[in-house]
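Novice: Going down the list, the protein sequences come from chains G and Y. Numbering of the first sequence is given in this note's numbering, commencing with residue 1 and proceeding in unit increments. Numbering of the second sequence is given in this note's numbering, commencing with residue 1 and proceeding in unit increments.
Since the hints were made in silico from the structure, they are not lab data. Errors might be hidden in some of the hints.
Unchecked claim - Facing chain Y, from chain G, some residues (calculated, C-beta under 10 Å):
#1 M12
#2 V113
#3 S116
#4 G117
#5 N118
#6 D170
#7 Q179
#8 I182
#9 V184
#10 N185
#11 D186
#12 N200
#13 K203
As the list claims (entries may be wrong) - Chain G is nowhere near these chain Y residues, computed Cβ spacing over 10 Å in every case:
#14 V6
#15 T10
#16 Y27
#17 G50
#18 L79
#19 V128
#20 I134
#21 K137
#22 D153
#23 A156
#24 R173
#25 G174
#26 D195
Predicted model, so just to flag it, every value in this text is computed and none were measured. Think of the CB as a built atom: it goes at the ideal place given N, C-alpha and C, for glycine as much as any other residue.
2 protein chains.
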Amino acid sequence: MEQQTVEMITQMVLETIGRMEERSNGYQVPVGVSARHIHLTQEHVETLFGEGYHLTKKKDLMGGQYACNETVTVVGLKLRAIENVRVLGPVRKASQLEISATDTMKLGVAAPVRESGNIAGSAPVAVVGPKGVIYLKEGCIIAMRHIHMSPADAAAAGVHDGDIVSVRADNERGTVFNQVKIRVNDSFTLEMHIDTDEANASKIKTGDRVTIIR
Amino acid sequence: MEQQTVEMITQMVLETIGRMEERSNGYQVPVGVSARHIHLTQEHVETLFGEGYHLTKKKDLMGGQYACNETVTVVGLKLRAIENVRVLGPVRKASQLEISATDTMKLGVAAPVRESGNIAGSAPVAVVGPKGVIYLKEGCIIAMRHIHMSPADAAAAGVHDGDIVSVRADNERGTVFNQVKIRVNDSFTLEMHIDTDEANASKIKTGDRVTIIR
Numbered sequence: 001m002e003q004q005t006v007e008m009i010t011q012m013v014l015e016t017i018g019r020m021e022e023r024s025n026g027y028q029v030p031v032g033v034s035a036r037h038i039h040l041t042q043e044h045v046e047t048l049f050g051e052g053y054h055l056t057k058k059k060d061l062m063g064g065q066y067a068c069n070e071t072v073t074v075v076g077l078k079l080r081a082i083e084n085v086r087v088l089g090p091v092r093k094a095s096q097l098e099i100s101a102t103d104t105m106k107l108g109v110a111a112p113v114r115e116s117g118n119i120a121g122s123a124p125v126a127v128v129g130p131k132g133v134i135y136l137k138e139g140c141i142i143a144m145r146h147i148h149m150s151p152a153d154a155a156a157a158g159v160h161d162g163d164i165v166s167v168r169a170d171n172e173r174g175t176v177f178n179q180v181k182i183r184v185n186d187s188f189t190l191e192m193h194i195d196t197d198e199a200n201a202s203k204i205k206t207g208d209r210v211t212i213i214r
Numbered sequence: 001m002e003q004q005t006v007e008m009i010t011q012m013v014l015e016t017i018g019r020m021e022e023r024s025n026g027y028q029v030p031v032g033v034s035a036r037h038i039h040l041t042q043e044h045v046e047t048l049f050g051e052g053y054h055l056t057k058k059k060d061l062m063g064g065q066y067a068c069n070e071t072v073t074v075v076g077l078k079l080r081a082i083e084n085v086r087v088l089g090p091v092r093k094a095s096q097l098e099i100s101a102t103d104t105m106k107l108g109v110a111a112p113v114r115e116s117g118n119i120a121g122s123a124p125v126a127v128v129g130p131k132g133v134i135y136l137k138e139g140c141i142i143a144m145r146h147i148h149m150s151p152a153d154a155a156a157a158g159v160h161d162g163d164i165v166s167v168r169a170d171n172e173r174g175t176v177f178n179q180v181k182i183r184v185n186d187s188f189t190l191e192m193h194i195d196t197d198e199a200n201a202s203k204i205k206t207g208d209r210v211t212i213i214r
């Protein structure tokens with residue numbers, strides 16, 4: 001066997017071992033389970049809750065967002081309703097309802113899996129508040145799995161904004177989530193966001209830790 | 001470098017390549033999504049539906065099992081109910097309710113993830129039928145992910161009854177399920193069974209194909 005071949009093989013083995021070590025020592029991320037919720041524009045807040053109304057804070061979330069005291073009822077194309085959907089503040093430039101795939105079946109809406117903010121052509125839904133109703137022609141999505149990170153976290157984990165990674169949960173129901181989007185922003189606290197379907201299917205709860213495996 | 005070392009390295013590389021090929025060409029299995037359902041003893045059938053009552057077949061399932069026309073309402077410790085839970089036939093030696101983790105939260109029961117039939121110490125639940133009620137002191141479980149296989153399928157896939165494998169779904173929501181139990185029986189048709197949480201979290205529907213990756 002030529003020396004060159006031996007060196008090539010050795011290199012391959014070392015890389016393989018490196019990948020195996022990376023797998024067992026991957027970057028750890030705490031999980032936040034997102035229940036169904038809605039983001040609203042100020043205009044829609046006023047339609048639903050009354051002229052001049054401002055959302056009121058119930059609980060701070062990460063990145064300057066907060067759960068509001070206000071809730072709405074949403075109704076899909078099959079005229080089935082889901083009540084007590086939490087409003088998240090502050091108000092946004094476009095209203096957006098984030099629900100689980102289970103919810104889409106209950107409502108009878110064909111919501112796509114999308115990154116937050118990417119609502120073009122997403123599902124329509126009716127939203128009912130105590131003072132009025134709105135009909136969103138689009139805006140109903142299933143949130144794509146993602147990890148919020150500060151630039152420092154991203155550097156430590158060796159990933160970049162927009163990367164798609166896989167994440168492993170080592171528990172009784174052991175699950176690997178592929179197609180997890182990395183989102184990096186100065187305002188972000190390190191957290192992986194999954195929805196209630198994903199949490200229930202993998203037996204993960206808020207605060208559990210998962211591992212980025214590539 | 002000694003000849004022995006070169007051979008050892010070569011062997012490691014070949015095994016690694018073998019595993020990589022196995023990963024990309026793994027054994028394919030169709031999926032069946034299991035909605036919540038209940039198995040009953042004949043005694044419980046008669047308590048719920050009337051003396052001398054026999055379950056009636058609505059639709060054949062695999063392995064001699066069938067969905068029945070009969071349904072029940074189940075009520076958990078928080079006195080919340082889930083209606084229209086399908087009964088599966090034929091009758092069994094022990095009654096067993098299989099629900100999703102989402103259902104356990106609605107019902108307020110701490111059901112464990114278990115293989116079918118392993119109900120010792122599982123959660124209690126009340127079951128209501130048109131002619132009577134039963135209180136199962138145990139029997140409410142979340143079904144463990146599993147694959148039904150004939151002995152020939154198992155041989156082709158290179159797995160054995162009782163093995164724990166991982167299964168990969170290559171779709172938009174890309175997910176790997178670890179902790180999947182292999183169950184081999186002459187009466188079994190090749191199928192992976194997951195519950196509605198797992199199906200919704202991974203965007204898999206009945207008939208989709210997944211791949212055994214180890």
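Novice: Work down the list of hints and note, for each, if the structure agrees.
Specialist: Going down the list of hints, with the structure as the test:
This hint holds: G/M12 has a C-beta 5 Å from the nearest C-beta of chain Y, less than the 10 Å allowed. Taking 10 Å as the C-beta cut-off, the interface hint given for G/V113 holds, the closest approach to chain Y being about 6 Å. Checking G/S116 against chain Y: minimum C-beta separation of about 16 Å lies over 10 Å; hint violated. Hint on G/G117 is violated. Least Cβ distance to chain Y is approximately 18 Å, over the 10 Å limit.
Among the interface hints, the one on G/N118 is violated; its C-beta lies about 14 Å from the nearest C-beta in chain Y, farther than the 10 Å criterion. This hint holds: G/D170 has a C-beta 8 Å from the nearest C-beta of chain Y, less than the 10 Å allowed. Look at G/Q179: its Cβ gets to within about 4 Å of chain Y, closer than 10 Å, so that hint holds up. Annotation: G/I182 was flagged as interfacial toward chain Y, and the flag is violated, the nearest CB pair being 15 Å apart, outside 10 Å.
The restraint placing G/V184 at the interface with chain Y is violated, with a minimum CB-CB distance near 21 Å, outside the 10 Å limit. Nearest Cβ of chain Y to the Cβ of G/N185: about 24 Å, over the 10 Å cut. The hint is violated. Because the closest C-beta pair between G/D186 and chain Y is about 29 Å apart, greater than 10 Å, the hint is violated. About 4 Å separates the beta-carbon of G/N200 from the nearest beta-carbon of chain Y, less than 10 Å, and the hint is met.
Taking 10 Å as the C-beta contact cut-off toward chain Y, the hint placing G/K203 at the interface holds, the least distance being around 7 Å. Interface exclusion of Y/V6 from chain G breaks down, the closest Cβ pair being 6 Å apart, not more than 10 Å. The beta carbon of Y/T10 sits about 6 Å from the closest Cβ of chain G, which is not more than 10 Å, so the claim that it is off the interface is violated. Interface exclusion of Y/Y27 from chain G stands, the closest Cβ pair being 18 Å apart, more than 10 Å.
Distance check on Y/G50: its Cβ is at least 33 Å (rounded) from any Cβ of chain G, clearing the 10 Å threshold; non-interface status holds. The claim that Y/L79 lies off the interface holds: its Cβ sits roughly 19 Å from the closest Cβ of chain G, which is beyond the 10 Å cut-off. At roughly 23 Å from the closest C-beta of chain G, the C-beta of Y/V128 stays outside 10 Å, upholding its exclusion from the interface. For Y/I134, the shortest C-beta to C-beta distance to chain G comes to about 26 Å, beyond the 10 Å cut-off, and the non-interface label holds.
Listed as a non-interface residue, Y/K137 keeps its Cβ farther than 10 Å from every Cβ of chain G; the least gap is roughly 23 Å. Against chain G, the non-interface label of Y/D153 holds: every CB pair exceeds 10 Å, the least being about 23 Å. Non-interface status of Y/A156 relative to chain G is upheld: no Cβ of that chain comes within 10 Å, the nearest being about 25 Å off. Distance check for Y/R173 against chain G: the nearest CB is about 6 Å away, which does not clear 10 Å, and the non-interface claim fails.
The Cβ of Y/G174 does not lie farther than 10 Å from every Cβ of chain G; its closest approach is about 3 Å, which violates its non-interface assignment. Some Cβ of chain G comes within 10 Å of the Cβ of Y/D195; the nearest lies about 8 Å off, and the non-interface call is violated.
Violated hints, listed in ascending order, are 3, 4, 5, 8, 9, 10, 11, 14, 15, 24, 25 and 26; each of the other numbered hints is respected by the structure.
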